[in-house]
Amino acid sequence: MKIRQLQIHSFGKLKDREIILEDGINIVYGSNESGKSTMHAFIRAMLYGIQRQRGRAARNDTYSHYEPWENSSFFSGRMRFESGGKIFRLSRNFYKNDIKEELICETDGECLSIAQGDLEVLLGNVSESVFDNTISVEQLRSRTGDELDVQLRNFMANYEGSSDGELDIEKAKSILKAQKKEYEQKQRLELAKQETQKKQFTIKMEYVQEELQRIEEQIKQRKSEWLQCKSAKDETRHGKMTESDRQSAALQREIEKENLKREQLEDEQLRNGQSMQEGGKEVTKRSGRGSLIGAVAGILCFGLAVISLLSKFPGWITVVSTILGLVILGGLLLVRAVSRNNAGGVADESPNNQEEYPSDHQIDSDDEFAEQEETERQKEYKKHLRWKIEQLAEAQKEKTMQFENLQADYEEYCSIIREDDKNQVEIDSITMALDSIEEISSNMQKYWEKDLHQRISAIMQEITTGRYTGVEVADSRRIALHTKEQYVPLEQVSHGTIEQLYFSLRMAAAEYLCQEEAMPVLLDEVFAMYDEERIQAALKWLDEHKEQVLIFTCRKREMEIAEQMNLPAHKVLLY
Amino acid sequence: MKFIHTGDIHLGANPDAGFPWSEERTKEIWDSFRGLIEVVRQEGIDLLLIAGDFFHRQPLMRELKEINYLFSMIPDTQIVLMAGNHDYLQPDSYYTRFPWNDNVFGMWEESCQEVYLSEIHTWVYGFSYYEREITRRKYAQVKSNGKPGIHILLAHGGDEKHIPMAKEELLRGGFDYVALGHIHRPGIIVKDRIAYCGALEPLDRNDVGAHGYIKGNYGQEGVSIEFIPFARRSYVPLNIIVEPDTTQFSLEEQIKAKIRQTGKDNLYYITIQGMRDPDIIFMPEYLSDLGNITGVEDNSKPDYDIEKMKESYRGSLIGNYIGHFESDDTPTGKKALYYGLHALLEAKR
Chain A
1 MKIRQLQIHS FGKLKDREII LEDGINIVYG SNESGKSTMH AFIRAMLYGI
51 QRQRGRAARN DTYSHYEPWE NSSFFSGRMR FESGGKIFRL SRNFYKNDIK
101 EELICETDGE CLSIAQGDLE VLLGNVSESV FDNTISVEQL RSRTGDELDV
151 QLRNFMANYE GSSDGELDIE KAKSILKAQK KEYEQKQRLE LAKQETQKKQ
201 FTIKMEYVQE ELQRIEEQIK QRKSEWLQCK SAKDETRHGK MTESDRQSAA
251 LQREIEKENL KREQLEDEQL RNGQSMQEGG KEVTKRSGRG SLIGAVAGIL
301 CFGLAVISLL SKFPGWITVV STILGLVILG GLLLVRAVSR NNAGGVADES
351 PNNQEEYPSD HQIDSDDEFA EQEETERQKE YKKHLRWKIE QLAEAQKEKT
401 MQFENLQADY EEYCSIIRED DKNQVEIDSI TMALDSIEEI SSNMQKYWEK
451 DLHQRISAIM QEITTGRYTG VEVADSRRIA LHTKEQYVPL EQVSHGTIEQ
501 LYFSLRMAAA EYLCQEEAMP VLLDEVFAMY DEERIQAALK WLDEHKEQVL
551 IFTCRKREME IAEQMNLPAH KVLLY
Chain B
1 MKFIHTGDIH LGANPDAGFP WSEERTKEIW DSFRGLIEVV RQEGIDLLLI
51 AGDFFHRQPL MRELKEINYL FSMIPDTQIV LMAGNHDYLQ PDSYYTRFPW
101 NDNVFGMWEE SCQEVYLSEI HTWVYGFSYY EREITRRKYA QVKSNGKPGI
151 HILLAHGGDE KHIPMAKEEL LRGGFDYVAL GHIHRPGIIV KDRIAYCGAL
201 EPLDRNDVGA HGYIKGNYGQ EGVSIEFIPF ARRSYVPLNI IVEPDTTQFS
251 LEEQIKAKIR QTGKDNLYYI TIQGMRDPDI IFMPEYLSDL GNITGVEDNS
301 KPDYDIEKMK ESYRGSLIGN YIGHFESDDT PTGKKALYYG LHALLEAKR
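Protein sequence lines correspond, in order, to chains A and B.
Going by our numbering, the first residue of the first sequence is number 1, and it counts up by one from there.
Going by our numbering, the first residue of the second sequence is number 1, and it counts up by one from there.
In short, the hints are calculated from the structure, not lab data.
Honestly, I wouldn't trust all of these hints.
Here are the simulated DSS-like cross-link-like pairs (lysine-lysine), alpha carbons at most 25 Å apart as the crow flies [claimed, not checked]:
#, chain 1, residue 1, chain 2, residue 2
1, B, Lys334, A, Lys177
2, B, Lys27, A, Lys399
3, A, Lys171, B, Lys334
4, B, Lys258, A, Lys173
5, B, Lys2, A, Lys186
6, B, Lys258, B, Lys2
7, A, Lys173, B, Lys348
8, B, Lys308, A, Lys96
9, A, Lys422, B, Lys167
10, B, Lys334, A, Lys422
11, B, Lys308, A, Lys171
12, B, Lys310, A, Lys446
13, B, Lys310, A, Lys173
14, B, Lys138, A, Lys100
Listing some non-contacts, in silico: residues in chain B with all C-beta distances to chain A over 10 Å [claimed, not checked]:
#, residue
15, Gly18
16, Glu38
17, Ile318
18, Pro331
19, His342
20, Ala343
21, Glu346
The C-beta atom is built at its ideal place from N, Cα and C for all residues, glycine as well.
Using the sequences provided together with the hints, build the complete structure.
This is how it looks when you write it as structure tokens:
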């Protein structure tokens with residue numbers, strides 16, 4: 001592609017200009033502020049359009065920079081160029097309210113579509129970024145205040161990783177790492193908050209559990225009280241119990257206790273109360289048997305009283321046997337009433353609680369012969385114990401349920417927070433971004449490294465007329481040059497040499513990135529640091545290798561040297 | 001015959017655990033149910049149907065005492081209960097053992113039972129959950145007995161793991177009305193015939209929209225129902241659209257205004273959408289203080305013209321980077337694209 005003509009209607013400080021460009025070397029000469037950089041920017045804008053930055057960045061973007069102060073609607077231009085032997089006319093209006101673009105092949109009158117990518121093809125698929133990084137060269141300037149060699153080293157490092165000398169990959173990575181760190185910090189805070197919440201759940205659970213333990217303790221205590229009460233009774237009943245009898249009875253009690261505990265935990269069929277009702281019936285039946293025996297005893301006593309009355313026994317015997325008979329009968333009635341109450345109460349109110357206290361079976365078999373000996377107080381106390389144990393068992397059940405509910409709440413909370421970690425999404429995304437940049441960059445680097453260094457060396461050798469024979473890049477941070485005699489680290493060479501190396505790098509990269517189409521080379525004050533000899537070598541190289549070159553300069557040196565060399569250079573004067 | 005159909009009250013739930021309003025919500029759920037009983041009393045409702053998940057977990061004895069007390073305040077109302085998947089009948093559930101008032105009927109059987117309420121000439125059918133999940137289509141076989149009177153099915157479930165059902169199956173049962181529970185969002189499945197009452201109070205941020213109960217009447221023309229909003233608060237999804245000139249402050253003002261407009265007691269989930277200035281990253285943690293905010297999701301995109309950028313940066317890292325994410329449509333991938341792009345452009349300035 002060769003640029004033939006530029007028509008600038010209004011672009012920055014340039015107005016109503018027509019500039020003709022030729023094959024080979026064009027030297028655009030003008031003093032400072034004459035519009036050389038504007039012309040350079042105009043060519044770029046014609047080729048790629050002006051993309052507006054958005055948001056705050058729009059205030060000093062290219063558009064605002066070159067938008068005319070007056071008559072913004074003339075913010076437009078035209079370019080004629082040659083490609084594949086045909087002439088094309090490219091027109092653009094940059095004005096934001098009236099953006100227009102048009103591409104016409106003047107040779108055959110065909111109207112082409114920029115939107116469909118026709119221009120892209122004519123530009124050999126050289127993107128704006130590649131244009132900026134290869135064929136459009138500005139003087140290597142130190143913007144950060146670094147030395148020029150540092151600047152070049154960075155450029156080269158960036159270049160190799162991204163094909164973009166301006167793009168500092170390390171900086172991008174550190175921005176991402178800082179963002180990631182921020183989210184990790186937020187996540188930690190969030191996690192700490194959640195831990196506090198979890199702690200609140202566990203505190204509640206622990207509290208209920210403590211209560212549960214207390215209740216269990218009380219149940220145990222009541223039960224052992226009940227058993228003591230029973231064994232005391234046993235002893236009075238079987239006054240002459242042998243030691244071995246006593247031991248086996250104690251063992252039996254232990255077993256019963258264990259059984260109770262087990263039943264308490266495992267017995268599930270009792271929930272419908274059926275078994276309890278059966279138990280209740282048994283109570284009635286058994287106390288029935290007790291009463292039968294009592295009745296017999298009562299009748300016997302009564303008989304004794306009648307006999308004593310009839311056969312003139314002393315009066316006190318009659319009185320004693322009568323009272324005995326009445327006491328037994330009274331006791332009998334009381335026992336019946338109690339056992340009915342128990343049976344009824346258990347069956348009606350809490351049919352599930354049989355397992356909570358010693359079974360009725362035990363009570364009744366014990367009661368069988370002991371009834372008469374047991375005082376009212378003892379019975380009341382036992383009744384109270386039974387009731388107390390029932391109450392406790394009920395409380396135990398409720399607490400257990402409460403504990404399980406809390407546990408379920410806790411688990412629900414944990415699952416909600418697991419699903420809801422928004423910070424993790426951000427962290428994952430940033431990690432993915434970092435990994436991708438790393439991967440793409442190292443792929444690009446691999447692609448470069450093989451040939452780029454060799455090509456830079458070759459160009460460098462040509463434009464230094466053999467003074468430097470090679471460029472060595474150990475890693476992108478350590479660059480050195482070879483002369484025939486010695487090895488010179490980059491930081492020891494002159495500014496001019498660094499500029500030459502930079503130029504070589506650009507031209508080498510251009511050969512790789514702009515292979516499809518020979519593009520014009522735009523050099524903006526690139527030779528400012530060159531001595532005469534170097535300029536000669538550079539012009540010679542450009543003349544031999546490039547089809548069209550635009551050299552923007554504020555000195556006459558380039559023109560003079562070209563004349564001395566008899567190079568056919570076209571001069572463009574800007575005022 | 002006037003009836004109220006409610007369910008999914010989830011007494012005892014503590015919604016949004018960890019948020020400042022959580023405990024208050026636990027109390028509000030109870031208060032709301034108490035309020036409903038008051039409505040029943042004032043309006044002289046004949047039948048109160050509670051379609052499962054009355055409690056969030058296993059009810060405790062003391063809780064049932066409270067409930068039974070409330071039920072004793074409406075002695076002229078017949079109340080029919082069932083256990084749902086949350087408060088399913090465990091072996092020692094207090095539901096079955098509790099000495100309920102005479103006006104309370106629990107459908108505590110595992111297979112379908114019917115109860116006849118002679119005062120209102122109504123048959124109610126139903127059964128309870130005995131486990132958390134039931135995948136059998138248990139309602140497909142349930143039919144009304146065809147005797148004279150009003151026939152109502154009280155049912156709970158409707159998703160894959162909780163008795164899947166189809167409206168055709170329910171319609172075949174020959175009921176005058178099917179009172180459904182389990183789905184928290186109220187919805188009328190077949191007009192005046194089958195409906196979800198929805199949760200009385202919304203329970204988490206998925207329970208958006210109005211919540212309340214269904215009021216029904218059986219008259220000359222059969223059943224007619226209407227949804228009555230009753231919940232004290234709503235979960236409101238707040239979609240905020242940002243533009244490239246939106247800043248953190250203007251975003252906050254925008255949210256404040258919306259909350260003022262929609263009610264400050266409501267619970268908001270903020271989703272940020274639209275195109276933002278690429279240099280601005282919103283700080284969701286500062287938005288949480290603007291009201292009852294249950295969460296913030298920033299889905300805004302930096303205002304990049306990705307297509308254009310891909311073209312301009314073709315052949316360089318940025319171009320390749322955009323290309324790398326082109327086919328990645330996952331949320332993480334999209335976010336990664338923007339994070340990376342922002343950092344790369346920032347590193348170029």
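_Hint numbers not upheld by this structure, sorted from lowest to highest_ = Hints 4, 5, 6, 9, 14, 15, 17, 18, 19, 20 and 21 are the ones this structure does not satisfy, whereas the remaining hints hold.
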